[in-house]
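Keeping their order, the protein sequence lines are chains A and B.
All letters in the first sequence, in the order written, are residues 1 to 220 by this note's numbering.
All letters in the second sequence, in the order written, are residues 1001 to 1319 by this note's numbering.
Source of the hints: derived by calculation from the structure; they are not laboratory data.
Backbone N, C-alpha and C define an ideal beta-carbon position, used for all residues, glycine too.
Among the clues, some could well be false.
Said to hold, decoys possible - Facing chain A, a subset of chain B residues (Cβ under 10 Å, in silico):
id	residue
1	Gln1019
2	Glu1086
3	Thr1231
4	Glu1270
5	Thr1274
What the hints assert, rightly or not - Far from chain B, by Cβ distances over 12 Å, these chain A residues were calculated:
id	residue
6	Ser22
7	Ile60
8	Lys72
9	Arg94
10	Pro103
Unchecked claim - Straight-line C-alpha distance at most 30 Å; calculated DSS-like pairs for lysine-lysine:
id	chain 1	residue 1	chain 2	residue 2
11	A	Lys72	B	Lys1017
12	A	Lys15	A	Lys124
13	B	Lys1311	A	Lys72
14	A	Lys132	B	Lys1017
15	A	Lys15	A	Lys72
16	A	Lys46	B	Lys1317
What follows is the residue order along each chain.
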Amino acid sequence: MIRFDQVSKRYEGGKEALSRVSFEMPAGEMAFLTGHSGAGKSTLMKLIIVMERASQGQVIVNGTNLNRISAKQVPYIRRNVGVVFQNHQLLFDRTVYDNVALPLTIAGYQPREVGRRVRAALGKLGLSKKEKQYPVALSGGEQQRVGIARAVVNRPTILLADEPTGNLDPTLSREIMDLFDQFNQVGVTILIATHDLDLVARMGKRELILKQGRLLEGKS
Amino acid sequence: MSPSANASLSSRSLLDKIQSWVRHHRQIAWNSLSQLLDTWVTSLMTWLVIGIAIALPTILYLLLGNLTELGGDWDGQPRISVYLKEEVSVSAGKAFAVSLSEEREVLTTNYISSEQALTEFQAQSGLANVIASIGENPLPAVIELTPAIEQAAGLKLLVAQLAADHRIETVDLDLEWIERLLALVAFGERFVIALSVFLGLGVLLSIGNTIRLAIENRRAEIEVVKLVGGTDSFVRRPFLYLGFWYGAGGAVMAWLLVESSFLFLAGPIERLMTSYSNTFGLTGLGIGDTFTLLLCGGLLGVVGAGLAVSKHLHAIKPS
Chain A
1 MIRFDQVSKR YEGGKEALSR VSFEMPAGEM AFLTGHSGAG KSTLMKLIIV
51 MERASQGQVI VNGTNLNRIS AKQVPYIRRN VGVVFQNHQL LFDRTVYDNV
101 ALPLTIAGYQ PREVGRRVRA ALGKLGLSKK EKQYPVALSG GEQQRVGIAR
151 AVVNRPTILL ADEPTGNLDP TLSREIMDLF DQFNQVGVTI LIATHDLDLV
201 ARMGKRELIL KQGRLLEGKS
Chain B
1001 MSPSANASLS SRSLLDKIQS WVRHHRQIAW NSLSQLLDTW VTSLMTWLVI
1051 GIAIALPTIL YLLLGNLTEL GGDWDGQPRI SVYLKEEVSV SAGKAFAVSL
1101 SEEREVLTTN YISSEQALTE FQAQSGLANV IASIGENPLP AVIELTPAIE
1151 QAAGLKLLVA QLAADHRIET VDLDLEWIER LLALVAFGER FVIALSVFLG
1201 LGVLLSIGNT IRLAIENRRA EIEVVKLVGG TDSFVRRPFL YLGFWYGAGG
1251 AVMAWLLVES SFLFLAGPIE RLMTSYSNTF GLTGLGIGDT FTLLLCGGLL
1301 GVVGAGLAVS KHLHAIKPS
C-alpha cells in the first residue's frame, strides 16, 4: 500500500531530512513512526500526501508512483489519504458538521449522501450531539475527534496521523488509539507518527524508528 | 481492502457530476454574495470606488454620443452661404443666383432677400423685440448655394472664387463648424478610450487588492481545503465569484451615478436647448448600454480576481 524505495529528501539550503529510506507497508497494516523531533517524521508523512516531493528514490502509494504525477493530479491522490494533525487544522468559522463535510463537498457528493456519511462518521466518534457546535466550544479531545471524523469521512484506504495525541492526557490518548485500531480492523492502512513510546509499546504494532533521517527498522 | 472513495466516485454518472458541479457553482455564487452583504458597509465602499471609476468614462461616452447626435442633423451635404453687398438690388440678386446655379460646380441656389431673412429670424430666434428696437434691418440678402462637389479642396477653391466677386460681401462655408465638431468628437473619443483604459486598470487593481486581502483572510481555510484534496479550481472559484460580485455591484453603482447625474443635468440642458428653439434632449443609458455596463463590470471583477488569485494562491501551501 505504501512503499518507500531508497528515498532521500534534501531541503533547499542543504539539510537532508531523509536519507535512503526504504520500507513497505502492506494494505491493512497499522504502524507507528517514532523518533526525536527533527528526525524526519513529518517529512516522511508529507511525501505520502505530496506536500513535498522526494529528491531521490521512489514513493509508491496505492500503486501510484508519486514522483510521476503532475500537480493537477495531487488533489485526487490526497482524497484517498485521510490525515489527522496534532493541531487539528479545523476551520473555526464553521460548525462541526461543515468541517467534517468538507472533503465530501470537495469531492462533489450529493447533499443527501454528504449528510448520511457525516452523521455516520460523527456517530462513530461519539460526536452526534455536537454537529451544530463550533470547534471553539469543544474540548481538545473532542476537537481531535472532529479532525479524525474529517479524515475518515471520505473512507480513505490510508490514514496518516501526525502526533494525534500530542496535547492529550493518557486516558484520552488511549481512546484515540482505540479508535485508530477500530479503523484498522475494517482494513484501513494506518501510519501514526508519535513520540509517546509508552503508547507504542502498549499497542504492540510495528514500529518504524527514524534517527537523523535514517530508518532503523524496529520490532514488528 | 475496503472500497475506495475513488471507485465510488468514478461509478457516478456524468449527469450526477454535472448536477454536483452546477450545485456547487450556485452555492458558491450565493455564499460569496451573502458574504459581501453581511459586511455591507465595507462592500458598499468598494462598490462606490469601482462605481465612480466606471461612471466617469461612461458619462463622457454618453455626452459624446449626444454631441454627435446634435451634429447628426446635418445631412452631410455642405452648404455655402453667400452674403450679398447692401447695394445689390433684389432683382440683381435673383439674377445673380440664377447665373450662379448654371456654374458647373453648383447644384442649386436659393435667393433670400434681407426682408425674408428678417422674417425668418424673428420667427425662429424670438428676438423680435431686439430687432424692432434697432429700427432698420441689419440682415443682408443671402444666396444659399448647394455645391455639386464634396471634396474640401474643391469647396475651398469655389469659396475663394465667389469671394472675389465684387457683389459679394462674405462667403460662409457651413462645412467648417461640422468639421470642427467632428474633429472635437474624434478627439473626445480618443480621450474617453484612454481614460477608460486607465480607470479600468484602476478597477482591476482595486478588485485585485480586495481579493488579495480576502485570500489572506481565508488562508487557513485554503490550506485545509488543499490538504483534503481540493483542486486549484475549487480553491479559486469562491474568489472569482467574489470578484464578479464586486465588479457587478460596482457597475450597478456606476449605473446609479450616471442616471442620477443625467437627471441632474436634464433640466438645465432642456432650458438651454429650448432657448435655441431646439428639441434636443439628453439621452441616457439604454437597455443595451446598461447590459454592456453590467457585463463589463462583472468581467473586470472576474479578471481582477483571476489576476490576484493566480498571483497569490500558489504561495499558499499547506504546512
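Exercise for the section: Kindly indicate which numbered hints from before are broken by the structure, ordering the numbers from low to high. Expected result: Numbers 2, 4, 5, 8, 9, 10, 12 - these are the hints that the structure violates, sorted from lowest upward.
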